[in-house]
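Student: Here are the chains, one letter per residue:
Number of protein chains: 6
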Amino acid sequence: MPYVDIKIAGSLSREQKAEIAQEITATLQRVAHKPPSYTYITFNEVAYEDWAIAGELLDGK
Amino acid sequence: MPYVDIKIAGSLSREQKAEIAQEITATLQRVAHKPPSYTYITFNEVAYEDWAIAGELLDGK
Amino acid sequence: MPYVDIKIAGSLSREQKAEIAQEITATLQRVAHKPPSYTYITFNEVAYEDWAIAGELLDGK
Amino acid sequence: MPYVDIKIAGSLSREQKAEIAQEITATLQRVAHKPPSYTYITFNEVAYEDWAIAGELLDGK
Amino acid sequence: MPYVDIKIAGSLSREQKAEIAQEITATLQRVAHKPPSYTYITFNEVAYEDWAIAGELLDGK
Amino acid sequence: MPYVDIKIAGSLSREQKAEIAQEITATLQRVAHKPPSYTYITFNEVAYEDWAIAGELLDGK
Numbered sequence: 001m002p003y004v005d006i007k008i009a010g011s012l013s014r015e016q017k018a019e020i021a022q023e024i025t026a027t028l029q030r031v032a033h034k035p036p037s038y039t040y041i042t043f044n045e046v047a048y049e050d051w052a053i054a055g056e057l058l059d060g061k
Numbered sequence: 001m002p003y004v005d006i007k008i009a010g011s012l013s014r015e016q017k018a019e020i021a022q023e024i025t026a027t028l029q030r031v032a033h034k035p036p037s038y039t040y041i042t043f044n045e046v047a048y049e050d051w052a053i054a055g056e057l058l059d060g061k
Numbered sequence: 001m002p003y004v005d006i007k008i009a010g011s012l013s014r015e016q017k018a019e020i021a022q023e024i025t026a027t028l029q030r031v032a033h034k035p036p037s038y039t040y041i042t043f044n045e046v047a048y049e050d051w052a053i054a055g056e057l058l059d060g061k
Numbered sequence: 001m002p003y004v005d006i007k008i009a010g011s012l013s014r015e016q017k018a019e020i021a022q023e024i025t026a027t028l029q030r031v032a033h034k035p036p037s038y039t040y041i042t043f044n045e046v047a048y049e050d051w052a053i054a055g056e057l058l059d060g061k
Numbered sequence: 001m002p003y004v005d006i007k008i009a010g011s012l013s014r015e016q017k018a019e020i021a022q023e024i025t026a027t028l029q030r031v032a033h034k035p036p037s038y039t040y041i042t043f044n045e046v047a048y049e050d051w052a053i054a055g056e057l058l059d060g061k
Numbered sequence: 001m002p003y004v005d006i007k008i009a010g011s012l013s014r015e016q017k018a019e020i021a022q023e024i025t026a027t028l029q030r031v032a033h034k035p036p037s038y039t040y041i042t043f044n045e046v047a048y049e050d051w052a053i054a055g056e057l058l059d060g061k
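Residue numbers (UniProt numbering), protein chains in the order written: chain Z, 1 to 61; chain S, 1 to 61; chain C, 1 to 61; chain G, 1 to 61; chain P, 1 to 61; chain X, 1 to 61.
Same shape as in the complex, but just chain Z (with noise of 0.2 Å):
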């Protein structure tokens, strides 16, 4: 039962969303033995003004 929560500054193509979801979800079966059925995976996609680094917000005005 892993629950994934991916946040990302901008934005993702659904085909990015399917790829990345795909993956993940492969990579906690093989490794953790986790069924993927039970796996959550969720995007959230963050705008960049509202995600800072150092201190200054990512939209860069």
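Rather than coming from a laboratory, the hints here were simulated on the basis of the structure.
It is possible that some hints are incorrect.
[Stated by the list, open to error] Some chain C residues judged to face chain S by a derived CB distance under 7 Å, without partners named: (1) Met1; (2) Val4; (3) Asp5; (4) Ala9; (5) Leu12; (6) Gln16; (7) Thr27.
[Unchecked claim] In silico DSSO-like links for lysine-lysine, alpha-carbon gap of 27 Å or less: (8) Lys61/G with Lys61/X; (9) Lys61/Z with Lys34/P; (10) Lys34/P with Lys34/G; (11) Lys61/S with Lys34/Z; (12) Lys34/P with Lys61/S; (13) Lys34/Z with Lys34/X; (14) Lys34/G with Lys34/S; (15) Lys61/X with Lys61/Z; (16) Lys61/C with Lys34/S; (17) Lys34/Z with Lys61/P.
Backbone N, C-alpha and C define an ideal beta-carbon position, used for all residues, glycine too.
On the provided structure of chain Z, position chains S, C, G, P and X as indicated by the hints.
Tutor: Frame of chain Z; chains S, C, G, P and X shown alone:
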């Protein structure tokens, strides 16, 4: 001081959220003796494209 | 596919967790029509030293 | 490597986010000796309809 | 700047965590073009008593 | 009603947590006009073995 975060694939109506918030708050008061005024609940409606189970995005394309 | 994360300052007994999990799952089934087998709930007991309200840690030292 | 997630009911202006990010990063550097370049901060503006206190949604309908 | 949080019921060995971290980081680099040095991953091993599915705690008592 | 979750690799002393909680609460009051009594902050000290950057666990073995 409970903080409850609810992630749901798809969406809920305002009525559903109101009822869920009321019931969970009542449960935490009755079972865990937490005063309602200290109970925070947030709802997070996740698009089907952003939630995967068994390695497949839920929008099923 | 709801995922519910419950953070509570202090601790709960196993009996309290079992009852809370059962009631929240039932609420989500009745109000939001979510099948129980898809409802994940996690409990996160946070030490009073690790939770602050109004700028003060809850262990009250 | 601190990761700070800020959930706020309602919204903030870009200026508010920039100032908050700057101050929290400085606090973590001064108090916890965390290098700013490793400090990630995300803002999550939650609609009043999606946040409940005391069992009531904050949009107050 | 992805931030990935992995919640798993039960525990993982250090070797499993190292392999999972390596593979997820590689996936995010290859598919989403995220530089590894910006990818943070945290593991959160949740006791079976603290995780419920279908309204039942996973420790199965 | 801000809720701030702080994840830190390694640990903090009680004094550090108290000072960080105080300053963040003050920042949110001054910049975002949030009343301190509604500001919740949680600290989550993550073991180095449970945090990866660039695909490597931080315990550096």
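Student: Hint by hint, note whether the structure agrees.
Tutor: Hints, verified against the model:
Checking Met1/C against chain S: minimum C-beta separation of about 4 Å stays under 7 Å; hint holds. A cut of 7 Å between beta carbons decides the hint on Val4/C: the least distance to chain S is about 5 Å, and the hint holds. Hint status for Asp5/C relative to chain S: holds, with the closest Cβ pair at about 5 Å, below 7 Å. Evaluation of the Ala9/C hint against chain S yields a held restraint, the C-beta minimum of about 5 Å falling below 7 Å.
A least Cβ separation of about 6 Å between Leu12/C and chain S falls short of the 7 Å threshold, and the interface hint therefore holds. Taken as an interface hint, Gln16/C checks out: its beta carbon lies about 5 Å from the nearest beta carbon of chain S, inside 7 Å. With 7 Å as the threshold, the beta carbon of Thr27/C comes within range of chain S, its nearest partner Cβ sitting at about 5 Å, so the hint holds. Distance hint between Lys61/G and Lys61/X is unfulfilled; the C-alpha atoms sit about 55 Å from each other, more than 27 Å.
With a C-alpha separation of about 22 Å, the suggested pairing of Lys61/Z with Lys34/P holds against the 27 Å cut-off. Using a Cα cut-off of 27 Å, the hinted pair Lys34/P and Lys34/G holds, with the two alpha carbons roughly 23 Å apart. Straight-line distance between C-alpha atoms of Lys61/S and Lys34/Z comes to about 24 Å, which keeps the hinted pair within the 27 Å bound. Note on Lys34/P and Lys61/S: the hinted pairing holds, with a Cα-Cα distance of about 25 Å set against a maximum of 27 Å.
Between Lys34/Z and Lys34/X the CA atoms are separated by roughly 43 Å; this puts the pair beyond 27 Å, and the hint is violated. For a cut-off of 27 Å, the pair hint linking Lys34/G to Lys34/S is broken: about 35 Å separates their Cα positions. As the CA atoms of Lys61/X and Lys61/Z are separated by approximately 40 Å, the hinted pair breaks the 27 Å bound. As the CA atoms of Lys61/C and Lys34/S are separated by approximately 22 Å, the hinted pair is consistent with the 27 Å bound.
Of the pairs offered as hints, the one joining Lys34/Z and Lys61/P holds, with about 22 Å between alpha carbons and a cut-off of 27 Å not exceeded.
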